[in-house]
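Protein sequences, first through last, are from chains F and A.
Under this note's numbering, the first sequence has 57 at position 57, and the numbering climbs by one with no breaks.
Under this note's numbering, the second sequence has 30 at position 30, and the numbering climbs by one with no breaks.
Calculated from the structure, these hints are not laboratory results.
One or more of the hints may lead you astray.
[Unchecked claim] With a straight-line Cα cutoff of 25 Å, these simulated SDA-like cross-link-like pairs (lysine to any residue) come out:
id : chain 1 : residue 1 : chain 2 : residue 2
1  : F       : K793      : A       : S250
2  : F       : K796      : A       : A80
3  : A       : K5        : F       : R283
4  : F       : K726      : F       : P745
5  : F       : K669      : A       : S250
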Amino acid sequence: MMDFDKLFVTRDWFGKPVRRNEDVKFVKGEATYVDDIDMNCAHVAFLRSIFAHARLKKIDTSRAEALKGVLAVITGPEVAEVTKPLPARAITRPARQYVMATGKVRYQGEPIAAVVAEDRYIAEDALELIDVEYEPLQPVMRIEDALKPDAPLLFEEAGSNTLLDDTMEHGDYEKACREADMVLKETFRVHRYSSTPLENWAIIARHDKGTDSFTVWANDQQPGRSMTTVCGTLQIPTHNLRLIVPESGGGFGIKLAIWPYIVILCLLSRKVDKPIKWIQTRREHLLGGTHAPDGIVEIEMPVKKDGTFLGLSVKDYQNDGSFIHTAGIYGLIKFATMVGQYTIKATRMEVLSIATNKGPTVQNRGVGKPTMTFALERMVDIAAKKLGIDPAEIRFRNFVKPEQMPYTTPSGEIYESGDYPECLRKGLALGEYDQCKKQQAELRKQGRYIGVGISTGVEPGTSNLGYYYTSSGVPEYMGSGEGAIVGVDYDGNINVMIGSVDTGQGHATVIGQVISDMLGITPDRVRVDNTLDSFISPYIGHSGCYSNKFNDVDLGAVIKATEKVRARIFTLAAHMLKADVSNLKLGDGHVHVTNDSGKKVSFKDIAALAYKKITLLPEGMEPGLKEIAYYRNPYAKLPNKQNFNVQLTHSNSCHVVTVEVDIETGFVKFLKYVIIHDCGNQINPAIVEGMAIGSTVHGLGATFLEEFVYDDNGQLLTTTFMDYLKPVAATVPHFEMGHHYSPCPTSLLGSKSAGEGGAIGSLAAVANAVEDALSPFDVKVTSLPLTPEKVVKAIKETKVI
Amino acid sequence: MIPSKFDYYSPATLQEALSLLSEYGDDAKVLAGGQSLVSLLKLRLASPRCLVDLGSIGNLSYIHEDGADNLLIGAMTRYAEIAESKLIAEKCPLLRQTALVVGDVQVRNRGTLGGSLAHADPAGDMPAAILALKADLKATGPKRDRWIKSEDFFLGMYATALEANEILTEVRVPVLNDRQSAYLKAARRPSDFAMVGIAVCLKRAKNGTCEDVGLGVTGITDKPYRPQHVEAKLRGQKLDPAAIGAVAQSITEGIDVNGNIHASPEFRAHLAGVYLSRAIQAAIGS
């Protein structure tokens with residue numbers, strides 16, 4: 001963390017709930033998204049497999065090509081001929097797959113062919129004229145089915161549907177079991193859900209015949225990497241692709257997987273003489289664009305009678321569907337913080353990535369941590385019940401203590417700061433834990449069933465991208481970083497470009513706050529261009545808006561670039577004021593001489609010297625007043641299974657929830673919902689609060705409503721928002737928030753991640769509350785979502801949800 | 001929204017609309033508020049050759065009394081208008097209670113009573129109320145009008161007693177005094193289609209027993225229905241929780257109960273009983 005006295009000249013903006021400056025254009029519909037870019041485009045539609053698993057015998061596009069208005073058609077086999085297969089990162093078995101289906105289809109909705117036509121209506125009509133001959137194969141949908149010895153294989157060359165099976169052991173787990181008074185075991189299941197940003201995937205591709213190069217506009221969340229994956233797949237040099245990311249209407253991780261479609265659009269754009277556009281429909285998005293994997297988590301926990309957790313063993317089955325590019329990564333993320341907030345010394349984790357005929361999976365808010373935290377925090381409650389210890393008390397006994405910070409977990413993850421006991425104490429107080437427990441006993445006598453649940457969770461950020469290769473061992477990316485350009489323009493105002501394009505977080509506001517306090521100006525003078533252009537913007541392979549890295553490396557790059565600009569401002573001012581730099585200070589958009597009242601020069605005058613009156617510049621000084629800087633988190637370790645930090649900052653939160661269950665209908669009502677959040681220094685508390693609540697609502701969606709349901713034939717039954725249910729205002733409780741502030745010593749501003757906490761902690765908190773409410777019926781919660789039917793059935797018959 | 005190609009007509013008179021229907025027959029779909037049909041068009045689940053939009057026909061949206069103890073409601077009357085109508089609140093609160101929980105604000109602002117009934121979604125809300133109220137529905141054809149009893153109107157999934165050349169133009173609801181009513185639905189979220197919806201219109205005798213009752217049930221089977229056997233069992237009964245509970249489970253007797261991803265047939269049948277009890281109690285408390 002930097003010395004704020006040196007970093008800031010004012011403290012007027014940092015840490016204040018400044019109103020977001022980007023919102024007016026969004027709410028007025030004046031932001032420019034991909035679909036708003038009007039270039040007289042032709043339009044693309046995709047023919048998608050109607051089967052979950054089938055051989056492609058024949059694709060006949062002749063009738064479609066003959067339709068008036070159709071400009072070009074491309075098929076999977078044609079794409080495969082001119083592209084490289086998808087690069088896999090985490091899996092260890094060979095599996096060959098292309099950006100479009102060839103040979104066979106592996107999920108309902110997999111693209112088989114694409115049509116470009118004068119408009120989207122014609123393109124969609126043309127799809128109906130493509131004749132596909134399928135030879136249906138038996139679909140493999142469930143993990144259990146995929147693991148059967150005679151299961152049909154998704155990838156024959158892999159020889160198994162298990163594409164990754166790796167065990168990581170840290171500390172002496174066997175010893176922990178020997179020393180334990182008991183070893184608790186449980187199996188948990190988390191269903192398949194996702195994020196549904198308002199704006200789906202959107203791409204425009206234009207081919208320049210003269211140079212055989214491409215310009216692409218896409219709402220890509222990780223453009224730094226897409227540059228290499230797209231060009232590598234197309235087998236073109238990277239300078240032949242200009243990738244532009246305009247405003248993006250929500251990401252949550254799933255826009256990390258847009259790049260295969262960029263490849264297809266590039267190929268199609270070569271066939272026609274105009275730019276082409278594809279806007280993903282909601283149905284396409286729900287079918288395969290994309291999901292978080294469903295999974296089974298088998299947990300073993302050796303414990304002492306006094307409640308001490310001695311060890312933790314997890315066997316994690318991840319149903320990764322059929323997208324080898326990201327298969328396996330959820331397990332590796334779960335592994336990183338598997339011990340949660342506890343001083344568990346011995347761990348074993350077996351990570352399995354299972355290929356099935358479900359849709360592709362990619363990073364989705366929290367990436368595995370929601371599942372891991374659900375399983376762990378449920379396990380903690382099960383242990384508490386078994387040992388007769390209060391669920392809050394057993395957590396206090398096992399927490400990493402603030403005096404142990406920075407704390408290194410058995411596998412090498414470094415929790416740099418945090419006060420877990422204090423957060424829970426605050427949560428119990430605000431959540432009126434003791435009163436709610438008393439009320440519970442009273443209400444039960446009246447036949448009302450309320451329950452209180454606690455969940456605590458680590459919320460990591462800034463992924464050290466070496467983690468992808470934990471098992472496969474050949475790291476292509478390591479660490480985390482970002483780039484930024486900060487410049488003073490003619491009028492003395494500040495322009496900023498950055499390699500990560502905000503997807504709704506409020507980056508422009510926050511950057512404006514930080515720069516204003518660094519330069520002694522007001523945020524209205526800072527303009528952040530929320531666009532990435534690979535020919536102009538600063539970027540590296542890590543660039544993009546994901547893994548809660550903004551508060552760390554993105555702002556790091558902004559700060560470093562601003563420092564450079566500030567140094568130049570001082571140098572120019574010193575020349576103009578004929579003063580020594582050490583006698584200058586910033587304030588009100590001017591540089592003032594400290595020892596001579598009244599002598600000052602404005603940013604505008606300095607800019608005039610830098611840009612216009614350049615003959616007056618000091619000998620040897622470059623004109624212009626714009627600086628580029630890159631920043632990396634310096635604490636990322638090299639990939640190493642034995643000692644590795646998958647993530648570089650660690651926020652934490654605790655949720656204390658009181659619910660009432662209607663035992664006749666299975667509906668669950670919130671009586672109280674408390675969130676205590678610690679993300680270190682908050683640059684903009686209003687934004688932090690919005691994110692904590694938003695992510696919690698996402699978690700509640702997963703807990704009660706959102707689920708991708710497939711039938712036995714692999715047909716997805718939830719392809720519209722009538723069946724894939726999102727939380728709506730009426731289903732959301734009133735949240736009470738408390739904060740704790742443990743500054744992060746390893747980020748420049750002491751800030752940590754803020755966008756995922758609620759999506760991580762809420763699942764277990766609610767599940768624990770529901771189980772507590774139903775304790776008179778001996779119901780155990782081991783799976784989600786908590787649908788009314790499952791709740792009633794468990795009360796009446798099964799005793800297990 | 002990328003539907004298949006269709007011809008769009010916006011006739012100014014009912015006569016024009018009817019002649020379009022006569023011309024196109026089954027190839028035409030009538031567009032009222034669009035809250036159901038447009039979704040089907042979007043997904044290309046419906047690909048009609050032509051749409052006949054009733055939106056420009058001026059005289060299909062009204063709520064008034066006919067002087068013979070009936071409320072007359074034009075088919076193009078929107079849910080929001082029903083929910084806001086003082087006349088309905090006073091004379092037939094069940095319609096208001098039901099309209100208030102249809103979909104969400106946007107749906108209620110656009111969707112129409114006639115559209116809902118003619119679409120005959122097996123989980124639609126308004127059909128349950130119409131059945132419980134024993135209303136009549138006016139089908140206007142090219143040559144004549146005819147009245148269809150609500151219990152004869154719903155034939156199956158999205159199927160009604162309307163002929164291809166007829167348009168539902170009016171709903172006639174008898175104004176009954178001393179009634180208590182409620183519409184309760186079980187839905188995953190408030191704005192969702194009912195897993196079960198129960199409409200109750202109840203008249204209690206001075207001693208508190210059930211003198212008369214009308215019930216409408218939706219979400220359970222391929223069409224909304226009126227469980228007359230349950231009505232018969234309730235008549236003359238004391239309406240305490242035990243007595244209602246004894247009758248409640250028979251609400252799905254003889255009914256082929258649907259299941260989907262939100263509720264299995266068994267759970268739906270269970271919910272139907274629970275919601276019948278709760279709806280009757282809510283009506284008594286109304």
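Hints, one by one, checked against the model:
no.	hint	verdict
1	K793/F <-> S250/A	holds, 20 Å
2	K796/F <-> A80/A	violated, 40 Å
3	K5/A <-> R283/F	holds, 19 Å
4	K726/F <-> P745/F	violated, 37 Å
5	K669/F <-> S250/A	violated, 28 Å
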